[in-house]
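Colleague: Next come the chains, spelled out residue by residue.
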Amino acid sequence: MASQNPNKTEVFGLELSQETVKWGKKIGFHSLLWSLIFVVLLPVFWMIIVSLNQTAFDTFLTNPGEWLAGVSLDAYRTVLYDTSFPTWFKNSVIVTLASTALAIVVCTFGAYSIGRMNFRGRKTVATFLLITQMFPLILVAVPLFLIFRNIGLFNSLLGLTIAYVAFVLPFSIWMLRGFYENLPASLEEAAMIDGSTRVGAVVRVVIPLSTPAIATTAIFAWIFAWNEFVMALILINDTGKTTIPPGLGSWVGQYSLQWDLMMAGALGATLPMFFILLFLQKYIINGLAEGAVKT
Amino acid sequence: MAKANTTVGGLTIPREYRYWLGKESLWGWLFLLPALSALALISVVPILRGIALSFYEYGGLQPDVFVGLQNYVEVFSLPDFWVVMKNTFVWSFASVVMMAAIGLFFAVLLNREFTGRSIATTLLLLPWTIPFIAVALNWTLLFNYELGMLNGLLRLFGLEGIEWLGRSRYALFSITMAYVWRNFPFFMITFLAAMKGIPSDLFEAARVDGSTRLDLFRHITLPFIQPIGVITTLLMSLWTLNHFTLIYVMTSGGPGNTSMVLPVYIYRQAFLQNDFGIAAAISVVMLLIMLGYGMVYLRLYQEEVGGK
Numbered sequence: 007m008a009s010q011n012p013n014k015t016e017v018f019g020l021e022l023s024q025e026t027v028k029w030g031k032k033i034g035f036h037s038l039l040w041s042l043i044f045v046v047l048l049p050v051f052w053m054i055i056v057s058l059n060q061t062a063f064d065t066f067l068t069n070p071g072e073w074l075a076g077v078s079l080d081a082y083r084t085v086l087y088d089t090s091f092p093t094w095f096k097n098s099v100i101v102t103l104a105s106t107a108l109a110i111v112v113c114t115f116g117a118y119s120i121g122r123m124n125f126r127g128r129k130t131v132a133t134f135l136l137i138t139q140m141f142p143l144i145l146v147a148v149p150l151f152l153i154f155r156n157i158g159l160f161n162s163l164l165g166l167t168i169a170y171v172a173f174v175l176p177f178s179i180w181m182l183r184g185f186y187e188n189l190p191a192s193l194e195e196a197a198m199i200d201g202s203t204r205v206g207a208v209v210r211v212v213i214p215l216s217t218p219a220i221a222t223t224a225i226f227a228w229i230f231a232w233n234e235f236v237m238a239l240i241l242i243n244d245t246g247k248t249t250i251p252p253g254l255g256s257w258v259g260q261y262s263l264q265w266d267l268m269m270a271g272a273l274g275a276t277l278p279m280f281f282i283l284l285f286l287q288k289y290i291i292n293g294l295a296e297g298a299v300k301t
Numbered sequence: 005m006a007k008a009n010t011t012v013g014g015l016t017i018p019r020e021y022r023y024w025l026g027k028e029s030l031w032g033w034l035f036l037l038p039a040l041s042a043l044a045l046i047s048v049v050p051i052l053r054g055i056a057l058s059f060y061e062y063g064g065l066q067p068d069v070f071v072g073l074q075n076y077v078e079v080f081s082l083p084d085f086w087v088v089m090k091n092t093f094v095w096s097f098a099s100v101v102m103m104a105a106i107g108l109f110f111a112v113l114l115n116r117e118f119t120g121r122s123i124a125t126t127l128l129l130l131p132w133t134i135p136f137i138a139v140a141l142n143w144t145l146l147f148n149y150e151l152g153m154l155n156g157l158l159r160l161f162g163l164e165g166i167e168w169l170g171r172s173r174y175a176l177f178s179i180t181m182a183y184v185w186r187n188f189p190f191f192m193i194t195f196l197a198a199m200k201g202i203p204s205d206l207f208e209a210a211r212v213d214g215s216t217r218l219d220l221f222r223h224i225t226l227p228f229i230q231p232i233g234v235i236t237t238l239l240m241s242l243w244t245l246n247h248f249t250l251i252y253v254m255t256s257g258g259p260g261n262t263s264m265v266l267p268v269y270i271y272r273q274a275f276l277q278n279d280f281g282i283a284a285a286i287s288v289v290m291l292l293i294m295l296g297y298g299m300v301y302l303r304l305y306q307e308e309v310g311g312k
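Protein sequences, first through last, are from chains B and Z. To convert a position in the first sequence, counted from 1, into my numbering, add 6. To convert a position in the second sequence, counted from 1, into my numbering, add 4.
Just so you know, these hints were derived from the structure itself, not from any lab. Where hints are given, some of them may not hold.
[Said to hold, decoys possible] Below 30 Å or equal to it, Euclidean Cα-Cα: the simulated DSS-like pairs (lysine-lysine) are:
1. Lys-14/B - Lys-28/B
2. Lys-32/B - Lys-200/Z
3. Lys-129/B - Lys-200/Z
4. Lys-288/B - Lys-27/Z
5. Lys-90/Z - Lys-129/B
6. Lys-28/B - Lys-200/Z
Because the structure is a prediction, the values reported are computed rather than measured.
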C-alpha cells in the first residue's frame with residue numbers, strides 16, 4: 007500500500023518517509039565520498055607518519071603506541087642542516103620564480119595575439135603550438151645538452167629557466183587564447199579610440215581584466231618548473247647547482263635505509279605546492295573552465 | 005559599403021579593426037615574437053639537431069661520422085627496443101584510461117551540491133600538487149617489501165607480501181598505480197570545469213520530463229564534456245608518453261627491461277652508453293610515433309579540437 011501514500015516510499019520492504027529517504031541518501035553519499043578521499047590520501051598520511059618516526063612505522067598499524075613514543079623532528083633537522091636540500095630548494099625557487107614570471111609576460115602577449123588579433127598566419131601558429139606538444143621531451147633534451155654545452159648555458163640556472171619558459175608556452179598560450187577569444191572586443195577599442203596605443207590598451211585594459219586567466223597560467227608554469235626532472239638532470243651537472251627533483255633523486259640508493267629523511271625531503275618539496283593549491287585553487291578550476299577547455 | 009571591410013596589402017581587415025589598418029598584422033607578429041623565438045631556440049633547433057644527429061655516429065671529442073641509416077638499422081635490430089616499445093604503449097594506454105575513468109568518477113561526485121564540497125575538491129586535488137620526485141620516493145616506500153604500507157595491509161589480512169617493484173610481472177603495473185594516483189586529479193578538474201559550464205535549466209527541463217539520473221548523465225553531461233575530454237586525453241597521452249621521473253627513480257626500467265619505457269631508454273643510450281647517435285635515432289622514431297598519433301587524433305576529433 008506504500009505507493010498510495012505520496013509521502014512514503016518503500017525501500018527494501020520498509021515503509022519510509024521521503025524525509026528519511028533523503029537523509030539516508032545524504033549519509034550514504036557522504037560516507038562513500040569521504041571514505042574514498044581517505045583512501046586517496048593514505049599515501050600522504052603515510053609520508054608524514056614515516057617522516058616523524060621511521061623506527062616503528064612498520065608496526066604502526068599493529069602497535070601505534072610504540073610509534074607515538076618515538077615521534078621526533080630529527081629527520082627534518084637532518085634534512086635542513088646536514089644535506090644539500092636547502093641549496094636545492096633555493097635553486098628551485100629561483101628557477102621557478104624566474105620562469106613563471108617570464109612565461110606570464112611571453113604567454114600573455116602571445117595568447118592575446120592569437121586569440122584577439124586578426125592577421126594571416128595566426129591559425130598556423132596556433133596549430134604549430136599544438137604540434138610542439140607532440141615532440142618527445144627527451145628528443146629535445148639530448149641535443150639541447152650538446153647545444154648548451156657549446157654556448158656555455160650548460161650547468162646554469164639561466165639555461166634551465168629559458169628551457170622551462172619554452173616548455174610551458176604551448177599549453178599556456180593555448181589556454182589563455184581561449185579566454186581572450188571570449189572577452190568583449192569593445193574594451194580595447196574604447197581605449198584605443200581615446201588615443202591609447204595597442205600595447206597601452208593591452209597593458210592598461212586587457213591584462214587587468216584577464217588576471218584570473220593569467221593566474222592560471224602562472225600556476226601551470228609554477229607546477230611545471232617545480233616538478234621538472236629530466237631537463238634538470240641533463241642540463242645541470244653540479245650537485246650544488248641543481249634543483250630539488252634531481253637532488254632528491256640522488257638520495258635513492260644513497261640514503262635508501264633512511265626513509266624518514268627521504269619522506270621529510272619529499273614533504274619539503276611538496277609544501278610550496280600545497281600552499282599554492284590552498285590559496286589559488288579556484289583559479290585553477292575557473293581558469294580551465296574559461297580557457298583551456300573552451301574549444 | 006561592403007560591410008566596411010578594408011583591404012590592406014592583400015589582407016582583409018574587418019570593420020571593427022579599421023582604426024589600425026595594417027598595423028594589426030605587425031603588432032600580432034611582434035606580440036608573438038618572444039614566444040616564437042623561445043620555441044625556436046629550445047624546441048625547433050634542438051629537434052633539427054637531433055634529427056641530423058641520428059644519421060651520424062657520435063664522436064664525442066672527434067667530429068661525428070656520417071653513417072646514413074645505420075643507426076636506424078641498429079635500433080630496429082636491438083631486441084630491447086621492441087620490449088621497450090611494447091612497455092611504452094601498455095603503460096601509456098593503461099595510465100590514460102585509468103586516469104580518465106577515476107577522474108570522471110570523482111568529477112561526477114564533486115559536481116553535486118553538498119556541504120564541504122570545496123574542502124573535498126581541495127583534498128582530491130592534493131596528489132596532483134605533489135612533485136613527481138616526492139611521489140616517486142613516497143611510492144617506492146609504499147611498495148617496499150618489508151616496510152611498505154601495501155604489504156603491511158596485505159599481512160594485516162593474513163596474506164603474503166608482494167615484491168611490487170622487484171618482480172618483473174608487477175613493476176610496470178606498480179609504477180602505473182603511482183602515476184594514476186598522482187595524475188587523475190587533472191582529469192577530475194578539467195571534467196569538473198566543463199560540468200560547471202552546463203546550463204542548469206537543461207537538467208531541470210530533463211528532470212521535469214522524468215529522466216533518471218543516469219539518463220541525465222548519458223544524454224547531457226557526457227556529450228557536454230566530450231570536447232574537453234578529447235583535448236585532455238590528447239594532452240595527457242602525449243605527456244604520459246613523455247614521462248620520465250617515476251620510472252627512472254623507482255626502477256630505472258628494471259628488473260631486466262620489464263618497466264623500461266622510451267624516454268628512460270633514450271636517456272640510458274645517450275648518457276650511460278654515451279651513444280648519442282643511437283639515442284637520437286630512437287628519439288626520431290619516438291617523434292614519428294607521437295606526431296603520427298597526434299595527427300590521427302586531431303583528424304578524428306577535428307571538430308572538438310579545432311572548433312574555433
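Colleague: Are the hints correct? Go through all of them and say.
Modeller: So, going through the hints one by one against the coordinates:
This hinted pair checks out: Lys-14/B and Lys-28/B have alpha carbons roughly 11 Å apart, not beyond 30 Å. Taken as a hint, the Lys-32/B and Lys-200/Z pair is honoured in the structure, with Cα atoms around 22 Å apart against an allowance of 30 Å. For the hint pairing Lys-129/B with Lys-200/Z, the CA-to-CA distance comes to about 28 Å; that is within 30 Å, so the pair holds. The straight-line distance between the Cα atoms of Lys-288/B and Lys-27/Z is roughly 37 Å, outside the 30 Å bound, and the hint therefore fails.
The hinted pair formed by Lys-90/Z and Lys-129/B fails the criterion: a straight-line CA distance of about 36 Å is larger than 30 Å. For the hint linking Lys-28/B to Lys-200/Z, the alpha-carbon distance of about 24 Å falls within 30 Å, and the restraint holds.
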